[in-house]
Structures are given as C-alpha cells and as structure tokens.
Amino acid sequence: MPTPIDPKAPAVSAVCKEDSQLRQKRMIAEHYHRLAGCPGSGEKNAYTFVPGNLTELLRSFDLLPVLPEINALQSAMRGKSREYIAVAEKLGHSEDVCTYVKCDLGMMKSGNVGPTGERLPDPDLLLLSYTGCFTFMKWFEILKEEYSCPVAMLHVPYQADGVVTEEMRRYVVAQLKEKIIPALESVSGRRYDEDRLREMLALSARAEDDLVAVLESAKHRPSPIDAYFGGVYYIGPIFTAFRGTPEAVDYYRTLREEVEERKRLNLGPVTPDGAVDRERFRLVVEGPPNWTSFREFWKMFADEGAVVVASTYTKVGGVYDTGFRHDPSRPLETLADYCMGCYTNLSLPSRVDMLSRYVKDYDADGLLVNSIKSCNSFSAGQLMILREVEKRTGRPGGFIESDLVDPRYFSAANIKNRLESYFQMIEQKRMHAVH
Amino acid sequence: MRSPAGPEGELGKIVGIAEKLYRDTALGSVREWKGRTGSLAVGFMPVYIPRELLHAQGVLPVGIMGGGDNLEIIRGDAYYQSYICHIPRSTLEMGLDGSLDVLDGMIFPATCDVIRNLSGMWKLQFPHKLSFYLDVPQDFDRGIGGEFYGRALMDLSRALTARGARPYEAASLRKSIALYNANRMQVESLFDLRRREPWKVPTSELYLLLRAGQVLCVEDFTKLLADYGEALEADTTRRMMDQARVVVTGSFCEQPPLGLIRTLERSGCYIVDDDFVQVHRWIRGPIRETADPLDALVEAFLDQGVDSPIRFIAGGEKGSELVRRVRCAGAEGVVFCAASFCDPALLDQPMAIKVLEKAGVPYTAFKFAENNGQFQVIREQTGTFADSIKLWSDEGNRHADAH
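Chains Z and L, in that order, are what the protein sequence lines are.
Heads up: the first sequence is residues 1304 to 1738, going by this note's numbering.
Heads up: the second sequence is residues 20 to 422, going by this note's numbering.
Rather than coming from a laboratory, the hints here were simulated on the basis of the structure.
Not one of these hints is a red herring.
Facing chain Z, according to a computed beta carbon distance under 8 Å, are these residues of chain L, among others:
1. PRO107
2. CYS131
3. LYS142
4. ILE163
5. PHE331
6. GLN368
Derived DSS-like pairs (lysine-lysine); straight-line CA-CA distance at most 30 Å:
7. LYS1522(Z) x LYS1732(Z)
8. LYS1383(Z) x LYS1412(Z)
9. LYS1522(Z) x LYS1663(Z)
10. LYS148(L) x LYS1694(Z)
11. LYS373(L) x LYS1412(Z)
12. LYS1566(Z) x LYS1732(Z)
13. LYS53(L) x LYS148(L)
14. LYS1412(Z) x LYS377(L)
15. LYS373(L) x LYS1383(Z)
16. LYS377(L) x LYS1393(Z)
17. LYS1393(Z) x LYS373(L)
18. LYS39(L) x LYS148(L)
19. LYS1383(Z) x LYS1602(Z)
20. LYS1383(Z) x LYS1328(Z)
21. LYS1328(Z) x LYS1347(Z)
22. LYS1347(Z) x LYS1480(Z)
23. LYS1602(Z) x LYS1719(Z)
24. LYS1393(Z) x LYS409(L)
25. LYS1393(Z) x LYS1412(Z)
26. LYS1663(Z) x LYS1719(Z)
27. LYS409(L) x LYS373(L)
The C-beta atom is built at its ideal place from N, Cα and C for all residues, glycine as well.
Starting from the given sequences, assemble the full structure and let the hints guide the process.
See the structure below:
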C-alpha cells in the first residue's frame, strides 16, 4: 500500500556537485576550446547531427564533430536564442519552422560564437546524417549555401514496421562505403582505418554498458537519478563528441559508481537546486525538454518531488536499453544499425510500445508528454501516443507544451498549472487505490 | 459566369464533373469503381507514388489530399496540436468518419516528419487496413539509392498482393507505364497551353481536373483531359486580359482551397506554372517503355524526378530550378503559397528568394491552411503584387518571354 505523503514537506535539500558533473563540464569545455583552435592547429571538423551520428567514424579520421543542435540548445541555456532566432526571422525564415535551425543560423550570422565564448570553426565537411528528422536535410541545404565546403549525405531509412531489415542495412552500409568514407578520406587526408574504428567501437560499447546501468538505476525506489533533466547531462558525452573515446569510458564508469552509491544509500536525484529527498511522483516523459527555461522547468518538477524515471529524449542518440551495443566485429553494419535505431527513427507503434513498457518497468505513476512546437518529428502523433499508453497501462497521462529554444513559447504559469493539475490527478488515483 | 450552351457549356459540364469529384470527400466514384471492377483501391498521400505499379496489379491508386474546405473537423483536431499542419488532421478525420472505408489501405510516401508519423498513427488506428510507408532514397545513384528504391517497390507490390491484388507481372507494368505516359502527355499539353495562353486554361479549372485524376482510373482521367482539350479548342469566347503571369510554388503537399486559387486569378494573376497536385508531374517526361519496367520506374525516380523541397539537391543552387521555371513559363513573378507549419516548403523559401532576387524576379509570399475561408487579405496582397508587375515591369519585356 502506498505511504501517504505530506504534500507540504520540502522535496529538495542542499546543493552539491558530483565528480561526474565537474568532469563532464571540463570535457565539453575542452572540446569547444579545441574546436576554436582548429584554424591554428590545423585540426579539421565536420558539422553533423546528434541522432545517428557517426562520431567513431569521424574520430577515426581525426575529425572533430560539431553539432549545431547542441550549439542551439547551449545558446538557449545561455539566454542567446531569442536574439539569434530574431536574426534568422529577419532574414526571412518563417516563425513556423524549427527553432533549432533558426537559432543555429542566427548564431552563425552573429559570428558563430560557441558556448565557451570562442568562435567555432567553419565546417570542413557538412555530414548530413539524415536520421529521424527531415528538417535536418533542409538545415544542411541552408548551411551548404553559407559555407563553401563539401556535403556528404547519409540517408537513413525509417523503421516504419519496427524492424531493421537486411535491405535497409545494406543501403546504409553502401552509402557509408561509397559516399561517406571517401568524403571523410578526402577531407581528412587519411585512409580509412578499420582497425582503428573497431577499437573505438569497443570503447563505445563499454561506455554504453555503463550508461544503461545508470538509466536503469531509476527502477529503484527512490530513483537515484532523474532520467530526463538529469538524463540530459548523462547522455551529453556519449551522444555528442566523445563516443569511442577513453574519456567517455572513464566518465561513465565514474557516473555509474556515483549513481550506485546513491542507490545504496537510498538517495534521490541531484538537481541544480539540491537533491530530491522525497520522491512523490514517478513519471515517464516523452519529448525533448525546453532549453530556454531549463532550470525553471526542472524546478517545477523537483519542488513537487516529481522524479522522471524514464524518458524518450535520452534515446535520441541511441536506444541502448533494448540491448543494442556498437559491435566492433561488424563495424559498418553496427553503425548502420545504430543510425536506424535512434528513437525518432522508430515508428509510432514502436514508440507506444516503448513508453508503455517504461511505465510498467519503472513502475511510474504515468506518462507526461512535453510537446515541442518546432519539432514535428517528435510532436506529430503525441496525442495519440498519450491515449494509447493510458489505455495500455491504465495510468494517467499529462500533456504540456513548450518549445526547444524559442522563449516565446515557454509559458511558465501555464505549464505549472498543468503540472499541478496532473499531479493532483495522480494523487486522486492513489487515494482511490488506498481506500 | 458560364453560358449554358455552346463550347463554354461543354467546358462547364466537364469542369462540373471534375468539381463534383473534388468535393466528394466520401469517395463515391471510388466506391462505384470498386463495385464495378471488384478490385482493390488504395489511397496515397502526396507527393510521389508509383501509380503505375498499383495499376499493373489491378489496384486503383486514390490520391488523398486532406479534406480541403469541404470538411468539418471534429475528431481530427483532437489528434494534433495547433502547430501541426492541417492535412494530417483532415485525413484522419476522413478515416474516422468512415469516408475512407472504401479504401483497402493507405500508402504514406516519405514526404516529411508529419506524414511519416501519420503512417504509424494509421497502423494504430486502423489495424486491419494496409498502412504502407514508402521510404524513398535521397541517394540517387543507381547502385545505392536505386537498389533501395527497387526493393521498396517490390515490398509494396508484395504488400498489395497480400491484400488481394494481382501479383506483379512485368508485362502488365509495361502496359501501365504506357497508359500513364499517355496521361502525362495530356497533362503536359494542358500545362503547355496554359503557359502559352493562360486565359484559355484557368488554373482553377486545371486544378479541378488534376484533382479528379486523383480518384479516377487513369483511362477515365486521360479521357476527361482529352475531352477538356477538345472543348477548349472549340471555345472561342475566352479572351486575354491584362493579368500578371505568375508561378505559384510551395503547395506541393497540403493544397490551398479552391477559393484561394480562384482568388489569385481574380486578383489579376495568370498562374502559368504551379506545383499543385504534384503527383501528376513529379516525373519529368515519359518513363521508358522498352526496358525492364521495374527498372524503368526506378530510373525515372532517380533521374527524372522534379526538384522539390522534399528531394535532396546535392549539387547546384537551391532555387535555380524555380528561376528556370519562371523563365520557361514566361512568368513575371512568383507567389510563395505554402501551407502553415510546412517545414519543407517554408525552409526552402528564403533560399529560393535569394536566387529570385539575384535574378530580378519579383515575388510575394503568404501561408494558407486547406480550410481557409477568408481570402480578402490575400486578394489585396496578390492584387497589389499583380498591379505592381503591370505598372512597374518593363512593358516591352512583359509578354516577350511568353511566346
């Protein structure tokens, strides 16, 4: 029987920074610093995307990845996105389209200064890895006109029937062999070294094991992690520039140890405002977070003792908890499988299956959807997803709306109201279950 | 106003038939065709679809383009947030209200994220119907994208057969390709005539014919086009007016309401090229009839596909194709007419505008939803645009390119 919870009791205690957080901050800053130094050092880079990215392959050619999505979200967290979006809209970009694109363009037009305050290098290659989102294609068509650099395009088939077929795999591998690798060779001036790639893939698999252990720790009560807001930080290194590196392996080993210790001590997740000491609600969340008011958004949950125990956003750069690991024994095939397996490349029925499973496996109180105005890839169909998951799990769904990086679409009062109503609904369900 | 008798009367009759088909969201003609033939009918979303393959297997390909302004959306809106375009909600509405019951399945081509996700929604909502996502390559090499597309076509063929369609036969496909080639010629000849003498072929009429072609079998559609062409030839009443010649672009998927097209014409524009109902024109020229027919379909997709916001253009400058179309049609300006929240069209627009500006082609832009009912603002905008072309363009050049 669930223990009645005093709603007035504070849910969050004192602030503390963990070693992994500090380490990650350092890693990311060093990466941006290294990118800023490219014109001087002669190192080369490729602009690419998070879902289905080919980080190991790029790094095996000593190319550094630059991720415009990440730059956009970082701009939002630094309070710069409003200005950048305005720049893009002044150039004729519609208010209707993806705000990541506009924020990135605005940043580029404003000097391309990255999150560490240093100028990012122009791309040596635009690597259009076309996974899970058609807008990526348009994005790089736009960038292609801004930079005089080659474009390599990897078209990744959609998992419409919930499976990766041999034909789909063959198509991606053929593109890797005949298009992507030659482009990387040409830009980097290095030959493709499959042994080097294998070594990197093996490192990826080790980090992936630890990431899954971290994410699955949320099955414990209380959850030692927040798998959405905190999860964003956990996926940072592996989804961006560090997959296939020893730094990523060390980071995830450290993180896992910290999380296991918190689990052993029955501690809740760490937030920027302190640890959540009283877990009152366990939620599964679908959709990306809002970045312009990220901390305020997170606080709305933490203050109520609402902990996200599983999220789909943390699977945009790979769904590892169903067993996928990069496999060094079949390097190109495993890259193909990875690209096709990212969350937004899954069909709606697969997404419903996954979310229903999360609600049950993580014993969540329900599913909350944060619907993002400028992301059709995630948002189109979410209302049906919500209804289906409610139907299958019998647990209530909640729905809020915001945007990725456009502050005009974050209404704190509205979201807070909806969240409070949702939490009340969960409470009422509990009361009925108790009596 | 149409006169009741004479050639205008014949034209009016043909256009009336097309308009009736356009307004029938319950697909009465498809029901009638199925009753007559006992064959399958399968719907498809815009933009591209290998209709020849469906036809060869005895299946009627039925173009579903949302509900337009004919449909009251009651349930469909409950499935979509306000910031999603309109076509998926009206399509779902038609699915839920039984209008699409006559269809044995739906095909969702890889157009954008919204249509892609709609394919999964269809699977969940209508589990007993075929819901086929047609993934098409963005790699256009024969050995890579071509291989992939060829396999996708065979998958589609097998899926149709599993639902009761005739199995694939090369000979049948060859015949179907020939029929569709003939149809494409008819369509193109009307587009040519409109380019030369747009007062003879109002776009609002041509549009209705193309929409009729979405629900008719290709044989009947070709005949309808031929009848229309003959009626046009016999007509002596239509006279040239001093209108601006424009290309309308951006409406390749969700379609503007008919009233909007009429408004553009009434505001002083001759639409001399457009991308409405693009499935009829997504392949340039005829598909080869002599080769292995499946290879011919693949080859046409790879080499003859028109530039479109949903097709990756690796080389060249985005927008230069639009300038080429403007020149080829002797157009004096461009009207960007994209559906609200249409990422592909709206993201293309600034790139195209840059190229138009460089080429000195004037343009104007607005957005629509398929169920818009108020056109006054658009009429004023495009009317002013047409006036500015007529007043300020070099008169000597105004009609020179058209002939």
